Each structure stands twice: as C-alpha cells, then as structure tokens.
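Colleague: Using my numbering, read the sequence shown as starting at 1 and increasing by one per residue.
There may be inaccurate statements among the hints.
Said to hold, decoys possible - Using 20 Å as the maximum straight-line C-alpha spacing, the simulated PhoX-like pairs for lysine-lysine come out as follows:
#1 Lys-183 to Lys-101
#2 Lys-382 to Lys-101
#3 Lys-401 to Lys-382
#4 Lys-183 to Lys-136
#5 Lys-85 to Lys-159
#6 Lys-159 to Lys-230
#7 Lys-323 to Lys-382
#8 Lys-185 to Lys-159
#9 Lys-185 to Lys-101
As the list claims (entries may be wrong) - If you anchor each label on the Cβ, the simulated ranges turn out as follows:
#10 Ser-257 to Arg-133: 42 to 52 Å
#11 Gly-44 to Glu-270: 29 to 39 Å
#12 Asp-59 to Glu-348: 40 to 50 Å
#13 Arg-367 to Pro-417: 11 to 21 Å
Hints in this document: simulated from the structure, not taken from any laboratory.
A quick note: this is a predicted structure, and the numbers were derived from the prediction, not measured.
A virtual CB, placed ideally from N, CA and C, is assigned to each residue, including glycine.
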Amino acid sequence: MVETPHKSRFAPHKRLFRRSRWPLQLFLLLFQLVTPNRGVMANGLPSGLGVHVQVWQIDTGDLERIRNFGFSFVRWGMSWEAIEKNPGEFDWATTDAFFTKVRHSGLSSIVILATGNHFYSRWLELPADPGVRERKVAAPPESEAAMAAFSRFAAAAAKRYADESVTWEVWNEPDLPIFWPPKPKPDAYAQLAAMTCSAIKMAAPKAMVLAPATASLPIRAPALYGALAKTDAAGCLDGLSMHSYRISGGRRPDPESVEAENLASRALLERLSGRWRDVPMLCTEWGYPSSTVGRATQRAYLARAYLANVASGVQAMVWYEWKDSRDEPANPESHFGLQTAQGIFKVEPDDGLIRRLTNMRFVRRLRAVDPQVQLLLFEEGKTSQIVAWLRSDSARTAVAKIAGKAVVLSNYPVIVPGDGAEDDGHGHAR
C-alpha cells in the first residue's frame, strides 16, 4: 500500500529552558482549577491514546506490542490512488489484510482517506521538502467530478468495513501545500469534506467521521475551520481532528504549551458554529523527533502530551509515530518513532507509565505556586492518584512534598497516591 507523503515538522529552534544549577524550593498550594472534566465521552469515537503506524512496516507482533504499551487504537492511511487503480475498480487486498490484523489485536483504527487520483485530476510535481516521500502526485480533488469520485471511494470503503471498529478521517493536513498542492483552498476542502461525510453516512449509517486533520490547531487555521463551518460538514462530522506539533512556527516545544491553545480553539469553534458547541476535539497527530529533543525527553513528552490534552478537554491523542519510517539519519523526519526502524525501543525498558495513565480517569488540575510544577488529580479504581512532573526539558530534579510525601520530580511524570491531597494545604520542597 502506498502511504500518503508526510510533511516536515521540524524547524531549527533555540533552547527555551536554561539548566538550573541551584536547588529548587517549591511551596505547593493545591486547589481545584476551574477546568471542566469532559472525561471519556461515550460517543462512538476513539478516546485515550493511539499511535500512528505505516502499514508496510507493521506486523501482528507490532500490534501486540502497541496494545501492551497502552495504546488503544492505531491511525493509518488509505490511499485513493493505490486502491482505485482503474476507474470504478477498487483493490482492497492490502486494507483487508491490515484490518484483519488490527481486529485480531484488539485495537481499533482511525483511517485517513486521502491522496488524489490521476484518473480524476492532473499530475503535479511537489517542491523539495524533507517531509515529502514522493515528488510526483495527483492533484487533490477540486472539480465536482473529482470530488464525487473521491466520495464514491470513501463510501465504498465505509460500506466494505462497516463491521470494523474504525473512524474515518477525511484527508490529512489540507492546510499545507504538500498535502493540498499546489496551494491550500479552504473552500474546496470544506466542500470535499461535506460531500465525503454525507456519502460515508449514506453507505454506512453508523460510521464515525472526523475532519479536517489540520496541521495545527483551529486558532492557527481559522480560514479552513470557518469554511468548514459554513457547509453541511458542520452537522455531519462526529468530531473535529487537528494536529498539535510544537517544534515549528516559533512555538514552545514543551507539551504543556498546547493547553491554552486547546481552550482558545474550543472557544473559536463554538463561535464559528452553534453545532460545534460540544463537538469532540481529537488530536490525531503529535510527536517529537528524538534527534531533536533526545530519546529520554521524547518518551517523557509522550506522557506529558497526553496529559496536557486530557487536562484541556481533548478526547483522544495520536502519537506520531510507532517506528521510525525512514532511513535518512540527517533528516529529523526519520526520528519520530518510539522505536527504531528495526523495532527496538529507544528507551528501555517500558516502565508501564503509559498503560497506567490511560486506565485512569482525569478529575481536575491541582495547581502549584511554582508554574513549572504540574499536578493532575486522577481516579484509579476507588483510589485517588496525583500525576506530577516538572515542566522542563532539562534533566534537573527537585524534591517536593505532595500529599504528605517527599517526591523527587523531573521532566518525566510520576504517579503519587493522592489520598489526603486536598487537605494538605502547603507543602515544602528542597
């Protein structure tokens, strides 16, 4: 199966935190932050944590390891060009086989419906870009005929896989020129999303559909979300998907910087359409190249990215990606995987943190006087747990008193029994 090309997510950036050589004194005041707990919504969409995979490099053993690590679903691409090889004729062999593997693994899927098809649009040559796998591509479906053909393909897929645990995502990053070449057209994409969503629902009434999978959050792509809000897609889509990469556009690399943008994006969506007042938000791509942040920090950022999304009302998050999918050592795009291309974890062993976090229910944030100290209250069965860490990209540590216990904090989250935390009042750390 031909995978969709992937953009460059990397731009050189300066170190944003200075390593401290001095002991940190923290006075912690725990109290409830007024942030709503959306919890796990029983709306048919994925919740929790998933991971992006490339179909061509994933076997049943990988899927078992993915599930055991703590992921509950996988995200992968379905190329129109690779499936409709002759007009009106669909080759489902690769997707049939992969759906079978995923189903047997106990995972569900988010499947991206994307790429142009040269039977319905012209060929284009993409400019050189570190994130582009193939330079020659078919243009996206912009004519009525091409949009209708893409919608037929999407409907055929939805009907064929109606019994699978799958959510369909219409396109990938249509706000970027390398995914909607030669130039993004918000109105054209919005029309395609509306037509495709309607076609999927007609073919498989119980199907779940996401869009638009923008390369950034809604507050950074208002034109596209505004165009989408004006079409029937606003009422057809079951959720809105977006990507939350931090290492570009001058944004801070630490995961917690997404929280304010998530809340601002929620407010924007509600202003754009009354039908989006409670629409689920899903982050369907986010990751960091280990060549840029380091292997240990990449693993810490996985947990922290998930926690930041949970704390700011995002229903599900997809980590990009499971394995390094390129053999280009100098290209940061080659280093987003939690594993090397050979299937070796970059940080060993798996300590079970992700598996445990995804089985706990978020309650609320507990605030510390020092803004670098992050504290989230969860329920785990009938017990309370506090997840704590330092908002830092350095290796420094600090000792803090949390719920009556002295706890060593670093940039990697730890779980502390939380009974009595709300009665603690002040805490002191050295």
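Colleague: State for each hint whether it applies.
Modeller: These are the hints, each one checked on the structure:
Note on Lys-183 and Lys-101: the hinted pairing is violated, with a Cα-Cα distance of about 37 Å set against a maximum of 20 Å. Restraint check for Lys-382 and Lys-101: not satisfied, since their Cα atoms lie roughly 35 Å apart, outside the 20 Å limit. For a cut-off of 20 Å, the pair hint linking Lys-401 to Lys-382 is broken: about 23 Å separates their Cα positions. With a C-alpha separation of about 15 Å, the suggested pair Lys-183 and Lys-136 falls inside the 20 Å cut-off, and the hint holds.
With a C-alpha separation of about 19 Å, the suggested pair Lys-85 and Lys-159 falls inside the 20 Å cut-off, and the hint holds. Between Lys-159 and Lys-230 the alpha-carbon distance is near 27 Å, which puts this suggested pair outside the 20 Å criterion. A distance of roughly 36 Å separates the Cα atoms of Lys-323 and Lys-382; the hinted pair therefore is violated under the 20 Å criterion. Between Lys-185 and Lys-159 the alpha-carbon distance is near 29 Å, which puts this suggested pair outside the 20 Å criterion.
Between the alpha carbons of Lys-185 and Lys-101 the distance comes to roughly 36 Å, so the proposed pair goes past 20 Å and is violated. Evaluation of the 42 to 52 Å hint for Ser-257 and Arg-133 yields a failure: the beta carbon distance comes to about 29 Å. Hint check: Gly-44 to Glu-270, Cβ distance near 21 Å, so the stated range 29 to 39 Å is violated. In this structure the supplied range 40 to 50 Å is violated for Asp-59 paired with Glu-348, their Cβ-Cβ distance being about 20 Å.
Restraint check, Arg-367 to Pro-417: a C-beta distance of roughly 19 Å satisfies the suggested window 11 to 21 Å.
The structure fails hints 1, 2, 3, 6, 7, 8, 9, 10, 11, 12 (numbered hints given earlier, in ascending order).
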